[in-house]
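From first to last, the protein sequence lines stand for chains F and P.
Reminder that position 114 of the first sequence reads as 114 in this note's numbering, one-by-one numbering, no gaps.
Reminder that position 280 of the second sequence reads as 280 in this note's numbering, one-by-one numbering, no gaps.
Among the hints, erroneous ones may be present.
It does not matter which identical chain is meant; a pair holds if it fits inside one copy or across any two.
[Unchecked claim] For lysine-lysine, the following DSBU-like pairs were computed, each having C-alpha atoms within a straight-line distance of at most 30 angstroms:
id: 1; residue 1: Lys321; residue 2: Lys238
id: 2; residue 1: Lys131; residue 2: Lys61
id: 3; residue 1: Lys65; residue 2: Lys115
id: 4; residue 1: Lys61; residue 2: Lys158
id: 5; residue 1: Lys194; residue 2: Lys103
id: 6; residue 1: Lys65; residue 2: Lys174
id: 7; residue 1: Lys227; residue 2: Lys332
id: 8; residue 1: Lys194; residue 2: Lys174
id: 9; residue 1: Lys126; residue 2: Lys103
id: 10; residue 1: Lys119; residue 2: Lys321
id: 11; residue 1: Lys119; residue 2: Lys333
id: 12; residue 1: Lys126; residue 2: Lys328
id: 13; residue 1: Lys61; residue 2: Lys227
id: 14; residue 1: Lys61; residue 2: Lys332
id: 15; residue 1: Lys131; residue 2: Lys227
These are computed hints drawn from the structure, not numbers from a lab.
Values in this document were obtained by computation on a predicted structure and should not be read as measured data.
Protein chains: 2
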Amino acid sequence: MYRKIYLVPLFLFLLISCKKNEATATANPKDSTAAVAYSDNPLPSWNDGKLKNDIIAYVKKVTTKDTPDFIPVEDRIATFDNDGTLWAEKPLAQELFAYYRVKKMIEANPALAQKQPFKAVVEKDKTFFEKGGEKALIELVAATHTGLTEDEFEISAKDFYATAKYPGKNVSLKQIRYQPQLELLNYLRANGFKTFIVTGGTVEFVRAISQDFYGVPKSQVVGTSFKYSFDDTSNSIKREPALDHFNDKGGKPAAIQLHIGQRPVFACGNEGGAGDIAMLQYSQGNTHPSFQLLVNHNDSIREYSYQEKDNLSLNTAAKNKWHVVSIKDDWKKVFAD
Amino acid sequence: MYRKIYLVPLFLFLLISCKKNEATATANPKDSTAAVAYSDNPLPSWNDGKLKNDIIAYVKKVTTKDTPDFIPVEDRIATFDNDGTLWAEKPLAQELFAYYRVKKMIEANPALAQKQPFKAVVEKDKTFFEKGGEKALIELVAATHTGLTEDEFEISAKDFYATAKYPGKNVSLKQIRYQPQLELLNYLRANGFKTFIVTGGTVEFVRAISQDFYGVPKSQVVGTSFKYSFDDTSNSIKREPALDHFNDKGGKPAAIQLHIGQRPVFACGNEGGAGDIAMLQYSQGNTHPSFQLLVNHNDSIREYSYQEKDNLSLNTAAKNKWHVVSIKDDWKKVFAD
């Protein structure tokens with residue numbers, strides 16, 4: 001249970017101002033599914049080199065029958081973080097959605113613009129949230145992400161995705177996905193891995209696009225969740241204005257246990273907020289041979305460049321011999337075309 | 001959140017004494033997976049008649065392309081209760097497991113037999129739990145189901161399943177599965193449905209056998225869960241002695257939302273404890289054509305005969321035009337051979 005105390009970091013995170021960047025994104029990639037299990041080059045957007053070789057060697061090793069390293073299909077669980085791992089996170093798409101919800105709600109009811117916490121969002125008044133602390137943030141969560149049915153939320157999220165543009169790039173959110181990761185997801189699936197998204201974002205927000213953007217079914221998305229209740233009169237699920245689980249750091253292995261019920265053999269996250277260390281560590285505790293992959297955002301030209309102050313993720317990766325993606329060096333292309 | 005207050009009904013339920021019965025069970029069925037999508041008789045253990053025709057007609061209808069009733073594969077979600085729906089529930093397998101844990105723990109530490117709540121279990125002292133109320137029950141949960149890592153729990157559950165015999169029948173737990181339901185699971189899967197178990201039992205207890213017994217992967221089991229925490233020192237998940245979610249009645253649609261993220265189109269439960277009404281109702285709210293199936297335990301010869309005092313499940317089924325399985329009339333065989 002990660003209740004109210006987590007509302008503060010979540011929404012402070014959401015309220016971080018957009019880091020604009022001149023990096024370019026290109027056209028809409030071909031979607032998911034089709035992939036070749038053992039083609040000569042199953043990862044065309046990855047540069048040739050040690051990392052790409054290691055990924056392919058691992059997959060071949062654990063899928064070769066009658067060897068000690070063989071992993072049965074039911075244990076081929078791969079977990080991927082989303083923000084900063086499968087698509088760009090500067091700013092978070094979820095943050096854009098929170099603003100979108102505020103805007104839509106004010107359009108429907110203009111008087112809201114004069115009311116807190118909407119007023120503070122409209123006026124970009126960060127001191128309101130700093131001063132109001134937890135209470136003000138809960139108010140914003142309650143107002144924008146809860147108090148509606150799941151069916152209503154899904155419609156709202158789909159509307160958002162259909163129209164939203166990514167700041168600084170003027171592309172759709174579908175175009176901020178990382179092409180090399182789409183290939184990696186497909187490559188793993190073609191080799192019998194079941195791919196899951198284990199995101200700090202709220203679960204339904206990611207589920208709204210998980211199949212279309214990543215080929216990942218809704219039931220294979222694990223995320224931050226609100227408290228649900230079933231209302232039998234309206235025959236619908238309602239959200240109450242309280243977080244049930246904040247899916248970051250140690251929350252990720254806990255949610256993997258609850259939802260997936262087994263340790264991943266392949267886990268992929270990114271440095272930037274130290275949010276994926278626990279998931280990668282948990283994966284490494286698998287009794288099967290496992291693979292940990294950490295994306296290092298070091299490409300200020302094509303994507304972004306940002307590091308943790310204490311470099312905890314990269315230091316932990318070095319200590320535990322995890323594989324690190326240098327976006328600059330390992331990815332031939334960053335965004336899909 | 002269904003916390004402490006639910007410990008009472010759960011464990012009172014677990015402590016219900018075994019209802020012994022002379023019904024016979026037969027040999028071990030062939031396992032899961034293989035099934036024919038449109039064979040002449042995909043459900044051989046179902047008697048010919050309206051119910052079987054309706055099931056087959058529904059599946060054909062919603063899987064026929066270019067018709068208004070067609071359901072895309074990603075929306076073909078089928079949810080099944082476990083106890084009383086996929087296998088017998090008199091007594092609950094989970095109850096047998098609780099007693100097994102007490103026995104094993106006393107073997108390892110005989111002094112426990114003199115300590116409560118173990119002493120009460122050993123002596124079948126129900127008044128201890130009636131008098132001690134919630135506190136005594138929490139103590140029993142803490143002692144038998146928590147305080148160990150998930151890896152340790154899984155070993156314990158597997159040991160239990162390998163040796164346990166079903167009271168009154170002297171067969172393994174694998175042999176209390178319902179053969180017609182195994183065929184139905186296979187038939188649905190062969191037609192592109194993703195099958196989930198949505199059980200009142202604790203989730204890892206069912207996951208320990210879900211693939212082997214039902215062809216359902218661990219990640220497709222949703223159940224009652226304890227509170228988890230990730231311990232990075234031991235790199236493992238620990239359970240704390242508190243229920244996180246009790247997966248019964250309205251808890252089922254809530255957990256379906258959390259884990260699956262969409263309404264099932266096919267939902268199957270049983271009468272006996274009114275635990276599946278909400279799940280079937282929730283399924284009926286699907287915008288796609290949906291199918292609700294309720295197992296009526298009316299066969300005292302081959303299985304068991306038990307009804308709810310107020311007949312709520314059967315009455316709700318009649319009111320909402322759900323399909324009802326009469327075990328007596330609709331199942332050619334009950335247990336697998």
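Checked hints:
1. Proximity of lysine 321 to lysine 238 under the C-alpha cut-off of 30 angstroms is restricted to the inter-copy arrangement: shortest distance 26 angstroms between copies versus 44 angstroms within a copy.
2. Neither within a single protomer nor between protomers do lysine 131 and lysine 61 lie at most 30 angstroms apart by alpha-carbon distance, with minima of 55 angstroms and 58 angstroms respectively.
3. Taking the shortest Cα distances, lysine 65 and lysine 115 never come within 30 angstroms of each other, neither inside one copy (63 angstroms) nor across copies (50 angstroms).
4. In the homo-oligomer, the alpha carbons of lysine 61 and lysine 158 lie at most 30 angstroms apart only across protomers (28 angstroms), although the nearest pairing inside one protomer, at 40 angstroms, exceeds that limit.
5. In this assembly of identical chains, the alpha carbons of lysine 194 and lysine 103 never lie at most 30 angstroms apart, being 38 angstroms within a copy and 38 angstroms across copies at closest.
6. Taking the shortest alpha-carbon separations for lysine 65 and lysine 174, only the inter-copy value of 28 angstroms comes in at or below 30 angstroms, while the best intra-copy value is 37 angstroms.
7. Taking the closest pair of Cα atoms, lysine 227 and lysine 332 never come within 30 angstroms of each other, the shortest separation being 42 angstroms inside a single copy and 43 angstroms across copies.
8. When the C-alpha separation of lysine 194 and lysine 174 is checked against a cutoff of 30 angstroms, the pair qualifies both within a copy, at 22 angstroms, and between copies, at 27 angstroms.
9. Proximity of lysine 126 and lysine 103 under a CA criterion of 30 angstroms is satisfied intra-copy only: 17 angstroms inside one chain copy versus 59 angstroms between copies.
10. For a Cα distance limit of 30 angstroms, the shortest separation of lysine 119 from lysine 321 qualifies neither inside one copy, at 48 angstroms, nor across copies, at 49 angstroms.
11. Taking identical chains as interchangeable, the C-alpha atoms of lysine 119 and lysine 333 are never at most 30 angstroms apart, the minima being 41 angstroms within one chain and 66 angstroms between chains.
12. Taking the closest pair of Cα atoms, lysine 126 and lysine 328 never come within 30 angstroms of each other, the shortest separation being 34 angstroms inside a single copy and 67 angstroms across copies.
13. Taking the shortest alpha-carbon separations for lysine 61 and lysine 227, neither the intra-copy value of 42 angstroms nor the inter-copy value of 36 angstroms comes in at or below 30 angstroms.
14. For a Cα distance limit of 30 angstroms, the shortest separation of lysine 61 from lysine 332 inside one copy, 25 angstroms, qualifies, whereas the shortest one across copies, 47 angstroms, does not.
15. For the identical chains of this complex, lysine 131 and lysine 227 are intra-copy neighbours only, at 26 angstroms inside a copy versus 33 angstroms across copies, given an alpha-carbon limit of 30 angstroms.
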